[in-house]
Every structure is written in C-alpha cells, then in structure tokens.
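As they're listed, the protein sequences go chains C and B. Here the first sequence is numbered in my numbering, starting from 1 and rising by one per residue. Here the second sequence is numbered in my numbering, starting from 1 and rising by one per residue.
No lab work stands behind these hints, which were simulated from the structure alone. Just so you know, even glycine gets a beta-carbon here, dropped at the ideal spot from N, CA and C. A few of these clues could be false.
[Claimed, not checked] Here are the in silico distance ranges between beta carbons for each label pair:
#1 179/C x 201/B: 36 to 42 Å
#2 3/B x 101/C: 30 to 36 Å
#3 132/C x 108/B: 43 to 49 Å
[Unchecked claim] A few chain C residues facing chain B, derived, Cβ under 8 Å:
#4 85
#5 86
#6 98
Chain by chain, the residues run as shown.
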Amino acid sequence: MTEVTAPWEDPDQKPLIRFENVTKKFGDFVAIDNLTLDIFEREFFALLGPSGCGKTTMMRMLAGFENATSGRIELGGKDIGSVPPNKRAVNMMFQSYALFPHLSVWENIAFGLKRESRDKQAIAARVEEMLRLTRLSKFAKRKPHQISGGQRQRVALARSLAKAPKLLLLDEPLGALDKKLRQDTQFELMDIQEKTGTTFVIVTHDQEEAMTVASRVAVMDEGKLIQVATPDRIYENPGSVYVADFIGDVNIIEGQARPLEEDGQFEIMWKGAHDPLHAASTRTFGAGQTCYLAIRPEKVAITAEKPTAADNAVQGKVLDIAYLGNLSTYHVELHNGVIIKAQSANTRRIARRSFTWEDQVWLSWTSTAGVLLDK
Amino acid sequence: MRKFFLIAVPYLWLLALFLIPFVIVVKISLSDVAVARPPYLPQFDWADGIRVFLSELDFENFVFLTSDDLYWKAYLSSLTIALVSTVLTLMIGYPIAYGMARAPGEWRPTLMMLVILPFWTSFLIRVYAWMGILSQEGLLNQFLLWLGVISEPLQILNTNIAVYIGIVYTYLPFMVLPVYAALDRMDTSLIEAAEDLGCSRLTAFWLVTLPLSRNGIIAGSFLVFIPALGEFVIPSLLGGSGTLMIGKVLWEEFFSNRDWPVASAVAVVLLLILIIPIVLFQRNQQKQAEAEQ
Chain C
1 MTEVTAPWED
11 PDQKPLIRFE
21 NVTKKFGDFV
31 AIDNLTLDIF
41 EREFFALLGP
51 SGCGKTTMMR
61 MLAGFENATS
71 GRIELGGKDI
81 GSVPPNKRAV
91 NMMFQSYALF
101 PHLSVWENIA
111 FGLKRESRDK
121 QAIAARVEEM
131 LRLTRLSKFA
141 KRKPHQISGG
151 QRQRVALARS
161 LAKAPKLLLL
171 DEPLGALDKK
181 LRQDTQFELM
191 DIQEKTGTTF
201 VIVTHDQEEA
211 MTVASRVAVM
221 DEGKLIQVAT
231 PDRIYENPGS
241 VYVADFIGDV
251 NIIEGQARPL
261 EEDGQFEIMW
271 KGAHDPLHAA
281 STRTFGAGQT
291 CYLAIRPEKV
301 AITAEKPTAA
311 DNAVQGKVLD
321 IAYLGNLSTY
331 HVELHNGVII
341 KAQSANTRRI
351 ARRSFTWEDQ
361 VWLSWTSTAG
371 VLLDK
Chain B
1 MRKFFLIAVP
11 YLWLLALFLI
21 PFVIVVKISL
31 SDVAVARPPY
41 LPQFDWADGI
51 RVFLSELDFE
61 NFVFLTSDDL
71 YWKAYLSSLT
81 IALVSTVLTL
91 MIGYPIAYGM
101 ARAPGEWRPT
111 LMMLVILPFW
121 TSFLIRVYAW
131 MGILSQEGLL
141 NQFLLWLGVI
151 SEPLQILNTN
161 IAVYIGIVYT
171 YLPFMVLPVY
181 AALDRMDTSL
191 IEAAEDLGCS
201 RLTAFWLVTL
211 PLSRNGIIAG
221 SFLVFIPALG
231 EFVIPSLLGG
241 SGTLMIGKVL
251 WEEFFSNRDW
261 PVASAVAVVL
271 LLILIIPIVL
281 FQRNQQKQAE
291 AEQ
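Just chain C, with the same shape it has in the complex (with noise of 0.2 Å):
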C-alpha cells in the first residue's frame, strides 16, 4: 500500500455497498434494526459482535441469502435487493467452509468458474492462479476430507475467491483453527486482500481478530450498529460502556460529574471515596450528570510508593494476580471496596517481581489516559 487512505472521511467517495435503513425480522423477531452504513471499496471491514447480535443476517442479505423486510442495500450504487445468489458480484467464504466433498480441491476452486461458461484453457489458467496464491498447488487433486483443517481453509478462500468477486464475504473464516494457526492465517488473508484488492466483509466474535484484520470494525448489537470506527478509535475512544466493555479489558469508574473551569476537564465524585478522579473529556457532562470512566489495565501504573503529580492516584492491595507471560495483571482492591485492573510488562523474571499478593500499592493515571463516557 503507498498511503493509507481513509474513504470513509471522504465526502466525495461513492460506497460499494450501502445499507439504507434497513430492517430484518424474523416472525417478530427483529434481526437489524433500521440500519445504515456504508462500505467502501477495497476496505476490510468486520461486523463484531455477540452471537445473536445479527452480523451474520447482515452478511446472509450482502450474500443474497436473505431478503431485507424494508429499506434498500445498494452495491455499486445499484438495488440488489431482488437480485439472486447466483447472479451477484458477491461470494462467501462459508463457516463450515461447505466445500464440497465429493469433488477435489482444484475441483472445488474451479465450480464456480464452470457456471460462467469461460473455455477450459482459462478456468484451468485462473484455478492454478488460485492454488499458487493460498500455496495449495501441491493437494490439488485431494479431496477435502484428505486435507487438514487450515488447508480446507484456503481452499474455502481459494473457491471464493476464484471469481474475482467486487466483494468477499467470510463468515467466522478462521472460528475452527487453533489460536496460533488462526493468527497466521489472518496475516494472510490481510496480504491476499491486498494483493487482490477485493472488498473483504468479514465476521466475527472474535475481536482481537477484528482489530487484527480490518481496516474499520462495526460493533453491533441487537440488530443495531452501535459504533462504527478504526480498530484504534474503537479501542481508544469507545463511545459507549459497551464497546469499551466488549473490546478488550477495561476498568469502567461509575460516578458523578463536574465541570471545572477549564474546559474539557471534570472530577468525578465516585463510591465513597473523599478524593474526586480528574478526567478530560471532550463531550460535555452537567454537574452532578453520572458518568462512566473506562480506562485500559495497561494505563494504570502500579507503584509501590504514591507516586508525584499524578492526576489520579489510588490506593489498595493486591487481590490477584494474572500471571500472562509477557505481561502480568493484578487486581487491585481499593479502600472503598471497587476493584481496578491494572497492567505492566514483565521486564524482569517472576521472581524478581516487584509485588505479590496482599501487598499495598499505589494505582496512578493521567486525566487523559481514560475515556469520560455517559452511556
């Protein structure tokens, strides 16, 4: 990639796809709540979410699969809205991968190329091509029960891909690989997106695989978008309790807001506690409004003396320890009886670690290192 380009930002830019209030129910189930977004071309863009949370209802009507109750889904500026399975630009990467056992790996990538009546020269060139690009060229001939699961994967990616779809769907692709298979596997799918330059729509509950991959993540939950963002925006800035809660570890600090003269910066009067927290905050709170502060385990230090000059400095003891490796997390219990988490690398060996149960500490953070929230 020469620069990375945010389409998102730009007015000018015309979506790929585009979900314009859109609604889906089940009987009276309501899958997607009167939804609308828009992707652009040559993102990779993840649905996140619970299960239930109707990712996969969105991905089933990009697919044809499903029809929306109301509203339009546009691709390429065009309703798809009554348009098959068969006949759309679109192809999917299935959960079970769904290849088809009774045909070989080149037979599997080469099906959906028979169906567009192309000479046989062509779809031969094209599924060789495919079989370089997800390096399967040597099991060719082998039916897919013959082949281990994160091959089956590549041929599902392969197959899907064989067509040169304007758009690629995978539906939880690496849910059945093992943590470090799955891993690399991302990498490559992240380097077959680029190199293809197709728009990957990716699904998943999985969220670290959703920061890992995607160029824009969308949190959704009960049929409704509830933030749409960078993974770092998303990480950073969560704009709610929830996304801040399903992404990653945090602390969330519920209290009560005031403004101080300066702008942006508030206290928080919290559970018992005499001293307020200091945050800043570029949304506006009303003294007295409650409000939610989320702050990240690893932006809280953890020091054996109260540290100087930190806006936010707390005390308690040592409840628990996580031991992760590279990086350690303790629970820490304050006075008041709320528990924080926080986090530090293990620079040295663990038996030169510094704190251990029981022990008093001082927990410390700056007014900027949490997000202010009121919801």
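Given the structure of chain C, go ahead and fit chain B onto it with the hints provided.
For chain B alone, kept in the frame of chain C given last:
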C-alpha cells in the same frame, strides 16, 4: 481369546442359519425326485459310506432348468420386474425423502413415523387391502367411475401393473429411509455455496445434492431390488396368470409339483443371481464407511 469369542458368535450364527441350510438346499438340488419322505434320493446312509452317496449326486436338475424355457423366462421376467420396480420406487421415494430432509425439524419425527407406520400392520393384510382397492369392483375403479374418467371398470388386479403397485408400495420405506439418511446428513450450506458460486437451484441439485445422496440411492436400490427379485406373495396375490416371477415358480415346484430337487436348483440359481448385487451392495456400504472415517 475374548476377541475370538466375539467374532465367533456372529459366524456361528451365519453358519447355523445360513451356511448349513444352504448346503442342504444345494444337496437336494443335486438329488433325484422320489416318491418318498422326504421326497428325494439319495439319503445319506452310514452303511454305504460317503463315496456311494456322492456318486449318486448329479447336475441333472440344473440341466433340466436350461431345457425348459419357463425357467429362464421367469428369471428374466423377475429381473425386469425387480429392476423396473426399483426405478419406480426411487422416482417416488427420492422426492419423499427430499421433502422429509428439508422439512422443519419439528415435523421430521412425524414424517418418519408415517413412513414406518405401515410396518405395524401385517404385510399380508396390506397386500389383501390392495386387492380390495384394485379389483374390478374395488375402491379405485368405483372412484374413477364416479369421477367419470372411465365408463368401464379397469382390469388392474391380476396384471403386472398391480404387481408393480404392490412392490413399489411395500418396498418404498426401504428406499426412503437410506436416501433420507444421506440427505439429512448433508450440510445445507453446501447448497448455498453452490448457489453463491453461480448455480441455479436446479443445477445445485444436480451437481451437489444428487451426487452427495448417491450412497443412499445405491443402498436403497439394493434394498428394494434384492427382495423384489425373489418376491412371491405380491405376484401370486396381485399378479395374474401372465405374471411370471421366479418366486412363484419356486413355490409351484415345491408345493404343487412336489419336485424338491428342481425347486432347490431354482433357488440355488436365484441365489447365484443375487450374489452379484449383494456383493456390490456390501462394497458400497464398505466404501461409505471408509469415506466417513
């Protein structure tokens, strides 16, 4: 030792209930008819010894089968009827199985029950019921007359058509169940994948559903073909004098002619004919088991 015992049980079962009776039948087929009890000779006699006993056996009855064209015509006619019935059963059974496999989950146990339910009534009674439906004054003719489709009652009973109806009706569950099992096991996302890759509904069925239900079709076809070939009750009750099936010939040789040796020879040849499809069936089952591992 335990392993040996476990294997020995089914083999002893086969030995006692298949191999020994079969050897007896083969022996009778090599004997001569006699007015005696049992009605054939030679009987094994300890005094004469095995040598004399074996010297009296011959292939005379098998040679006789080739001399009278009744027999090969009966075999041929049985094969034709069994084959045509199998194809008809498949054509009717496949859509039923397909409908069952695609029905909503809560319906399936009921539909399955409906397929199995006829087995709760005696086979003989069900065939007699068909006589009541198909006869000249039967329900079918009365219904068609009432509709005004026909002016004269149709002769259906005692023709080959009635035999086909009987066989298709009786063996339909044997076709539906294996095909249903194959279709039910199929991942429906395969059809979606085929459509996603550019197939119409019909091509998706042709290229994906049908090949993946192949094993069910083969199993069902053998389960219908093998018993239909030797079928006796249906042709003798529903078929006419023109219906020639080897099961009927067998019965007549045994009970009307009391010619046990010729009847046994007919049975041995029938078994030899059946061995080919049985071996093919076994191989299909084995292949399927291997593919699933």
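Results for each hint:
Hint check: residue 179/C to residue 201/B, Cβ distance near 39 Å, so the stated range 36 to 42 Å holds. Checked against the hint of 30 to 36 Å, the C-beta distance between residue 3/B and residue 101/C comes to roughly 34 Å, which is consistent with it. Distance hint for residue 132/C and residue 108/B: a CB-CB separation of about 45 Å, consistent with the stated range 43 to 49 Å. Look at residue 85/C: its Cβ gets to within about 5 Å of chain B, closer than 8 Å, so that hint holds up.
Below 8 Å, beta-carbon pairs count as interface contacts, and residue 86/C has one with chain B at about 5 Å; its hint therefore holds. Below 8 Å, beta-carbon pairs count as interface contacts, and residue 98/C has one with chain B at about 4 Å; its hint therefore holds.
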